[in-house]
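A.B. asks: Sequence:
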Amino acid sequence: MLYDVTVDLGDRSYEIHIGAGILDRVGALCAGAGLKGKCLIITDENVGAHYADPVFQSLEKAGFEPVVVTLPAGEQTKCMEQLGRLYSECIGAGLDRKAFIVALGGGVIGDLAGYTAASFLRGIRFVQVPTSLLAMVDSSVGGKTGINIPEGKNLVGAFHQPELVLADLDTLKTLPAREYAAGLAEIVKYGIIYDAPFFQTLEDNVEKLPDVGNADLLAKMVGRSCEVKAEVVAQDEREGGLRAILNFGHTVGHAIEKVAGYGEYVHGEAVAIGSVYAARVSVALTGLSPAEADRMEKLFVDLKLPVRAPGLEWPKLREALAVDKKTVGGMPKFVLASEIGRVSFGNDVPEELMEKIWMDM
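Those letters in the sequence shown? Residues 658 to 1018, by the working numbering.
Incorrect hints may have been included.
What the hints assert, rightly or not - Simulated DEER-style distance windows between Cβ atoms:
no.: 1; residue 1: Pro967; residue 2: Arg669; range: 43 to 51 Å
no.: 2; residue 1: Arg952; residue 2: Arg682; range: 14 to 22 Å
no.: 3; residue 1: Lys693; residue 2: Pro867; range: 27 to 35 Å
no.: 4; residue 1: Asn871; residue 2: Asp681; range: 19 to 27 Å
no.: 5; residue 1: Lys693; residue 2: Ala948; range: 51 to 59 Å
no.: 6; residue 1: Gly780; residue 2: Gly918; range: 30 to 38 Å
no.: 7; residue 1: Ser946; residue 2: Lys693; range: 14 to 22 Å
no.: 8; residue 1: Pro1007; residue 2: Ala872; range: 25 to 33 Å
no.: 9; residue 1: Glu970; residue 2: Gly731; range: 22 to 30 Å
no.: 10; residue 1: Val985; residue 2: Gly918; range: 21 to 29 Å
no.: 11; residue 1: Met1016; residue 2: Asp753; range: 53 to 61 Å
no.: 12; residue 1: Gly986; residue 2: Gly870; range: 29 to 37 Å
no.: 13; residue 1: Gln892; residue 2: Glu1009; range: 29 to 37 Å
Said to hold, decoys possible - Calculated lysine-lysine pairs in the DSS-like style (CA-CA distance at most 25 Å, straight line):
no.: 14; residue 1: Lys961; residue 2: Lys990
no.: 15; residue 1: Lys865; residue 2: Lys830
no.: 16; residue 1: Lys973; residue 2: Lys830
no.: 17; residue 1: Lys830; residue 2: Lys755
no.: 18; residue 1: Lys1013; residue 2: Lys983
no.: 19; residue 1: Lys1013; residue 2: Lys973
no.: 20; residue 1: Lys693; residue 2: Lys755
no.: 21; residue 1: Lys961; residue 2: Lys865
no.: 22; residue 1: Lys955; residue 2: Lys865
no.: 23; residue 1: Lys718; residue 2: Lys695
no.: 24; residue 1: Lys877; residue 2: Lys955
no.: 25; residue 1: Lys1013; residue 2: Lys990
no.: 26; residue 1: Lys877; residue 2: Lys830
no.: 27; residue 1: Lys973; residue 2: Lys990
no.: 28; residue 1: Lys877; residue 2: Lys961
no.: 29; residue 1: Lys1013; residue 2: Lys955
no.: 30; residue 1: Lys983; residue 2: Lys973
To be clear, the hints were calculated from the coordinates, so they are not data collected in a lab. Quick reminder that beta carbons are idealized off the backbone N, C-alpha and C, glycines included.
Please model the complete structure; the sequences and the hints are all you need to start from.
C.D. replies: Okay, here's the thing in structure tokens:
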């Protein structure tokens, strides 16, 4: 099953192609999008071992001049040191302003390669080829690129839209089960923030969701998630308003990642915990019913995702929240729900309540 979604941004619009066997068509699809000449494929050691060769061959067959650069796997790669290395690799590969970058990997590679494209020669084109479920439904769509610095996650970056997003569902067959489950957390988020019937569909199919072999259900889940994100991004490309709803669960989630140490909780796990926290705050402040908060938590639990982070102390989390990119004047701004499918952004939460909710979880 093929599932196509358009991100409507005027002259910067682009297509998301979702389905099986897409890696063999990367070259043809890039050519069809008007890309030409030299390109740098950026991947990591894990993904590159499986998929760098077929992508390289597809691009070469279509008349491009590809070069592959392979980086270490893991969140620690999304840093200034590797960014500097990639600039040198771009020069070594002979990239000019008509060249492009292919981001082949999960969210780390997509963010880092995208920021390389956004900043090299003040901006060249790039293509997202996400190979993790999380990247397919979240980080590859919408043009957010960036790196981490010691003070926090994604504090340095740029909005730079890709030319194409090419999501081959076959790549999920080599994805570790933990990473696949982490991607499901972001899919659940789309139901919470935008689409109550979609959330109900996820509940109804919860036993089937972890089955990567269920191609039709997988394409529908990924496709609908991309549709929601595309609709939001089309209305607010640079997060001046509505796009902030995509951060449901992320405010505390990012703090958990930082305080626990990047890698202790993968991103989707931290988002699941942060979403349960946001749901409990929503019960206190924005009228979410306790029953709906329980439904959210149960779905994460049924998907074998964590909903607590024992051992993480609130003072350290609060310190991390102070440097979150959504914080204003030291006060974090929360996305909160009034019901499943309806949320608001920019909410202030009293200090005492922030801490109490965390302590009660």
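A.B. asks: Hints numbered earlier in the text: which of these fail when held up against the supplied structure?
C.D. replies: 2, 3, 7, 8, 12, 14, 16 and 17
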